[in-house]
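In the order they appear, the protein sequences are chains A and B. Be aware that the first sequence starts at 1, since it is given in the working numbering, and climbs by one per residue. Be aware that the second sequence starts at 1001, since it is given in the working numbering, and climbs by one per residue.
Take the hints with a grain of salt, since some may be wrong.
FRET-style restraints, in silico, Cβ to Cβ [unchecked claim]:
1. B:1260 with A:211: 33 to 39 Å
2. B:1072 with A:282: 43 to 49 Å
3. A:174 with B:1237: 38 to 44 Å
4. B:1320 with A:73: 36 to 42 Å
5. A:99 with B:1042: 20 to 26 Å
6. A:206 with B:1336: 55 to 61 Å
7. B:1279 with A:56: 17 to 23 Å
8. A:56 with B:1260: 42 to 48 Å
No lab work stands behind these hints: they were computed from the structure. Just so you know, even glycine gets a beta-carbon here, dropped at the ideal spot from N, CA and C.
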Amino acid sequence: MQNSHWTAHLRLLLKPPALPHWTKRETDSFRLGMLFLAPWLIGFFAFTLYPMLASLYYSFTIYHARRAPEWVGLQNYIQLFQDEKFYIALNNTLYMVVIAVPLGLFASFLCAVLLNLKVRGQAFYRVVYFLPSIVPTVAGTILFLWLLNPQVGLVNTLLAKIGIEGPNWMADPNWAKPGLILLGLWGMGGTIVIYLSGLQDVPQSLIEAAELDGANWLQRLWYITIPMVSPITLFNLITGMIGMFQYFAQAYVIGGGGNLGRPLNSTLFYSVYLYQNAFLFLKMGYASAMAWILFLIILLLTILLLKVSDRFTYYAG
Amino acid sequence: MANLTFSTPGTSFSPATEQDAHTRRRNRQMRDLLLSTLSHALLLFVGSFFAVPFIWMVLTAFKSDQDVFRSPPRWLPHDVARVEINGQAYPLYNVKTPEGIRQYAALKIESGVADFVDPANPVVIIPIKLQQGAERMAEPVEQISFRWQNFPEAMNRGSRPGVGASFWVYFRNSLIIAFFTILGTLLSNTPVAYAFARLKFPGRDLLFILILSTMMLPYQVTMIPIYLLFNNFLGWGDTFLPLIVPAFFANAWDVFLLRQFFKTIPEEMCDAARVDGASEWQIFTQIVLPLSTPVLATITVFTFLYAWNDFTGPLLFLNSPRNFTMALGLQDFQGQNIIIWNQLMAAATVFTIPIIIAFFFAQKTFIQGIKLTGSKE
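For reference, chain A alone in the conformation it holds in the complex:
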C-alpha cells in the first residue's frame, strides 16, 4: 500500500462512484443525468428520505417537539396496540376503505357506462357529472353539512316529501360516515373520466363480434367491457385505497376544528387521530409510530391487491 495516507482515499469521493469499469462516456452521461435530476435529488433527500428516517427514529422516542427526543424503544408501538382510540380510528378508516371505495368504483363505472351512451347532449351530461369533483374539498364538505342539516337541509326535506323521516346525519354517530360517503360519491367525477376513457378504448370490433354471436347488452357488458377495463379498476382500487387511508380534510371540517371525530368519535379517522396526537397533544413520537404503521398497512395491502389481481385483470398486448 503505497498511498496509505487516509486522505488519499478521500480523492475517490471527488470522482463518481464505482468508477473502474465506467467509460468516460458513461461517467459524462451520469454527470449530465445527475445535473438534470438535481431538483428532484435534492428534494428527495430533504423532503422524503430525511423525513422518513427522522420519523422512523421519532417513532422509537418520546418527543414533545420542544425537548430533545428520548429513546424508549418499542414503547409507542406497544402503547398503540393497547390504545382504544387507535382501534376506533382504524375501524372507522377500514369502514371507509371497505365500503366507500368499492361503492365509489361501482357507481363511477355505472356513470361512465351511462355517459358513454350515444345520446344528444352527451357532452353536457359529462360536464355535469364531472364538475363537482373539482369543487374544493372544504367547500364541498361545508356544502354537504348544509345539505344534510337535519332540520332545514335539502336532503331531509326531499326525503320527507316521499314520506321518509331523514336521519340526523352528521349529528348521528351511525349516519356521519354514510354522509361522508355521499360527499365522496358526489365528487367521483375523476374516477368516472378514467373509466370513460377506458370504455372508449374497448375495441369496437370485439363488441360487434359479440353482437353478431347474439350476446345482449348485459352479456356484452359482463363478458367484454368489465374484463377489458379491469386494469383501470385495479388502478382505481389501489389509488382509492391509499387515498382513503389518508382521509383527513373532510373529517377535520366536520369536526369544526375543536371537536375532531364528532359525533362520538365516529369520524375519528386514522389520519385525524394521527394529526391530533402530533399537533394537538404534541406526541410527535407516538404520531410517528402511527404513521409508520399506516405506511406498512398501505404497502402490504397494495402488494396483496397486486398479487390477487394478477388472476382477475386482463392486459391487452
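Take the given structure of chain A and dock chain B to it, following the hints.
Frame of chain A; chain B shown alone:
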C-alpha cells in the same frame, strides 16, 4: 368453416313485402325512441345528484338571513317585499282589516304593535296589535329576491370579524401560493422528466423506480419531520414558504406525467439537433419544451387545482388569520359558534368560481390530464 350459417332469430329469408319492411322500420324507430328516452331519463336522474347540491350552494348564497332557516326550505331565495315611502324602504305586510286583507307598510313594530300605513296614503297611521288571541293579524309579503349583498358582506367579513383579515385577503393569499407553486412545479419537474425520458445514463431506471415508489408513501410519514424542519429549524412558521418551497424540488406525479409526454416527441428531431452539435440542455429548452405546451398547460391547471384546494398544508403552517388561504378561512368560518349559512355559501361559491372558470377555459386539458395520470401504466 362448415358451420358458417347465419340464422338471426325472428327473421326469415323469404322475400319481404313492402309492408314488412315498413313495419320493421317503424318498430326500430319506436325502439330507438324508447331507448333514447330511457337513456335521457337515467342520465337526468343521476345527473341531478351531481347538479342539485351545486345549485343549492349558489341559491343558498342568495338567501336572506330569515329565509335561510325557513323550514321547510324553498328553492328560490325569498325576501320581504319593501315599499319606498318618503325615500325610505319599509317592509310590506298582508294585514287583516275589517274590510279584508290589505297590503300595508310597517313603519315600526314595537312591543307587539305595528304602525301600518297604506302606501297609497302614507299620512294616516294605523296601529294594529299583531297577535290577537290565536290570530296573527299581519304576515309579511314575500317575493323572490336574490340578495347580492351576501357576497360583499361575506367577503368583507372574513372568518373572524374584527381581526382585519377578510376573505379578500384569503383569496389573495391563495392566489400568491398557487402562483409560486405553479412556477416551481414547471421549473423543477421539466428537466427531471427530460432526464428520465431522453437521457441515457447508468442507474436511470433504478432511480425512476425510486421516484415512482415515492407515490405510495403516505404524507403522514414525512409530515412531522417536515413540519419540524420548516417550523422549528428554519423558522418559516406562519409564512407561505413551507407551502411554496417544496414545489421547486419536483414530485413524482408531475415527473411521470411529463415523462410520458416527452416520450411521444419523435427521437429523430433530437438526434438531428445532436448531430448539429446541440447540447442536451439546448435540445431540452429549444426543441422539447416548445413542443410540450399541451402537457405544460395540463400541469399548470392541475397544480392550480391542487394548490387552491390544499387544506392540510395551510392548516399545518399558517396560524394568523392574515395569512389564511381560502380553504383555511372557509373552515375557520364554519368552525365558529354561530354559522351564517348564506354568507358561508357565498364565500364557498367565490372559492369555487376560479376553478369553474379554469375548467371552462381548459376543459380538454382537464380531461386529458386525468386520463394521462389515470389510465395507462
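(request) Sort out which numbered hints this structure fails and list those numbers smallest first. (result) Per hint list: 7 and 8 violated.
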